[in-house]
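Residue-level listing of the chains:
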Amino acid sequence: MKFNQAVGMSLLAAALVSGCSTEVSYGDAKATETVTVDYGSTDLQSMSGKMVQSLIDNPVMTEISGSGRPVLFVDSIRNKTSEHIDTEALTDTMRTQLLRSGKVRFVDMSKVAAVKEQLEYQQAAGMVDPASMVRMGKQTGAQYMLYGNLASIVKDNGKVKDVFYQLTMNLMDLKSGELVWADQQEIRKQSKKKTLGW
Amino acid sequence: MMKSIVLVLLFCGLVACSSTNGIALSGAEGQESQLQVDNAGLKQRLELNLVQQQRSAGDGRLQIAVRLKSHIAYDQSLQYRVTWFDAAGMPVEPDSTSWQPLTLHGGEQRVIQVSALLPQAAAFYFSVRDVVKD
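Listed in order, the protein sequences are those of chains A and B. Everything in the first sequence is counted per our numbering, starting at 1 for the first residue and increasing by one. Everything in the second sequence is counted per our numbering, starting at 1 for the first residue and increasing by one.
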């Protein structure tokens, strides 16, 4: 009996000690993540994926891409939540998926200064072969602007934390100033403190 | 005493493991959809049906509508993903789709509509599994 007890205690001790060690492993970047209730990778992938799906499925996309792929530029998504969220990751994901769909083209306004510097160097430095020189004033102008807001409502009563995220995206026709498409994607997440368990 | 310890350890082990296999619906243009069951427990809790499969009128992308029906009385935390294949069976933009979380309430049925990103998609694989708690 004493031997059995000793074996049992050893097993329990081994289980507890092994629970304290650190283990590193690769996870599935596409799997649903539920580590905390805060904004996470699944929210980014879910919101951006559904928003892109909504835009390319909408009849307005067929209409504006009827005479060739329209040129868009992405303005920032304003973070109106209480969290620090990298909204550029959202716009980058949406832009990549839209480009890969082959339905639209994009100009990147975040690189205007670097492009201008390079073009000025090509024109003025006298070091670039004129035959391969990129001329000023030949860039394509954007026809539509994609922009949005990310808002959240947080409720916490000590036992339950409820977070509601709402992403709103708009597509504006720069010539007329009209909004030609808009959509909202919403996510609700809850975390509950357990009375028992670890 | 010994039995109690073994039972406790066994229970902890069972709680820590959640199954990552699920059930899936696959289909291609002009063919009947097929259900693949890798998780018999989930199959008892959830019914999957293909409601519609068509090409979009504008650009010819494949669109599917799948109905998920819960056969139990309480909420299920699920995740689903669609993988698209071209006519030759090669995956189309496989890294562009991620698992989407879905909470299905007791007895609820919901139709999920998904479109392929590119028109060369000719077949689909719609898989559902339980959310694995981190």
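Note that these hints are calculated values from the structure, not bench results. Note that the structure is predicted; figures quoted are calculated from it, not measured. Keep in mind that a hint or two might mislead.
What the hints assert, rightly or not - Dumping the calculated SDA-like pairs for lysine to any residue here, alpha-carbon to alpha-carbon at most 20 angstroms:
id	chain 1	residue 1	chain 2	residue 2
1	B	K133	A	L119
2	B	K133	A	Q190
3	A	K193	B	P94
4	A	K50	B	K133
5	A	K50	B	D134
6	A	K192	B	T103
7	A	K30	B	D59
8	A	K189	B	N21
9	A	K80	A	K193
10	A	K50	B	P94
11	A	K30	B	N21
12	B	K133	A	K80
13	B	K133	A	V37
14	A	K155	A	A125
15	A	K194	B	N21
16	A	K80	A	K161
To see whether the hints hold, each was checked on the structure:
Only pairs whose Cα atoms come within 20 angstroms are accepted, and K133(B) paired with L119(A) is rejected, the gap being roughly 52 angstroms. Distance restraint check for K133(B) and Q190(A): the Cα-Cα separation of roughly 13 angstroms lies within the 20 angstroms cut-off, and the hinted pair is therefore satisfied. At roughly 37 angstroms between alpha-carbon atoms, K193(A) and P94(B) are farther apart than 20 angstroms, so this suggested pair is violated. A hinted pair counts as satisfied when its Cα atoms are at most 20 angstroms apart, and K50(A) with K133(B) does not qualify at roughly 23 angstroms.
Taking the CA atoms of K50(A) and D134(B), the gap is about 24 angstroms. The hint is violated against a cut of 20 angstroms. Among the hinted pairs, K192(A) with T103(B) is consistent with the structure: their alpha-carbon atoms are about 16 angstroms apart, no more than 20 angstroms. For the proposed pair K30(A) and D59(B), the alpha carbon gap of about 27 angstroms is over 20 angstroms, so the pair is violated. About 24 angstroms separates the Cα atoms of K189(A) and N21(B), which puts this hinted pair outside 20 angstroms; it is violated.
At most 20 angstroms may separate the alpha-carbon atoms for a hinted pair to count; K80(A) and K193(A) exceed this at roughly 27 angstroms. Taking the CA atoms of K50(A) and P94(B), the gap is near 16 angstroms; set against the 20 angstroms cutoff, the hint holds. A C-alpha spacing of about 15 angstroms is found between K30(A) and N21(B), which places the hinted pair at or below 20 angstroms, so the restraint holds. Pair hint K133(B) plus K80(A) does not hold up; C-alpha atoms about 28 angstroms apart against a cutoff of 20 angstroms.
A hinted pair counts as satisfied when its Cα atoms are at most 20 angstroms apart, and K133(B) with V37(A) qualifies at roughly 12 angstroms. Pair hint K155(A) plus A125(A) does not hold up; C-alpha atoms about 59 angstroms apart against a cutoff of 20 angstroms. Distance hint between K194(A) and N21(B) is unfulfilled; the C-alpha atoms sit about 27 angstroms from each other, more than 20 angstroms. Distance check on the hinted pair: K80(A) and K161(A) sit about 19 angstroms apart at the alpha-carbon level, within 20 angstroms; holds.
Consistency note: the structure conflicts with the earlier hints numbered 1, 3, 4, 5, 7, 8, 9, 12, 14 and 15.
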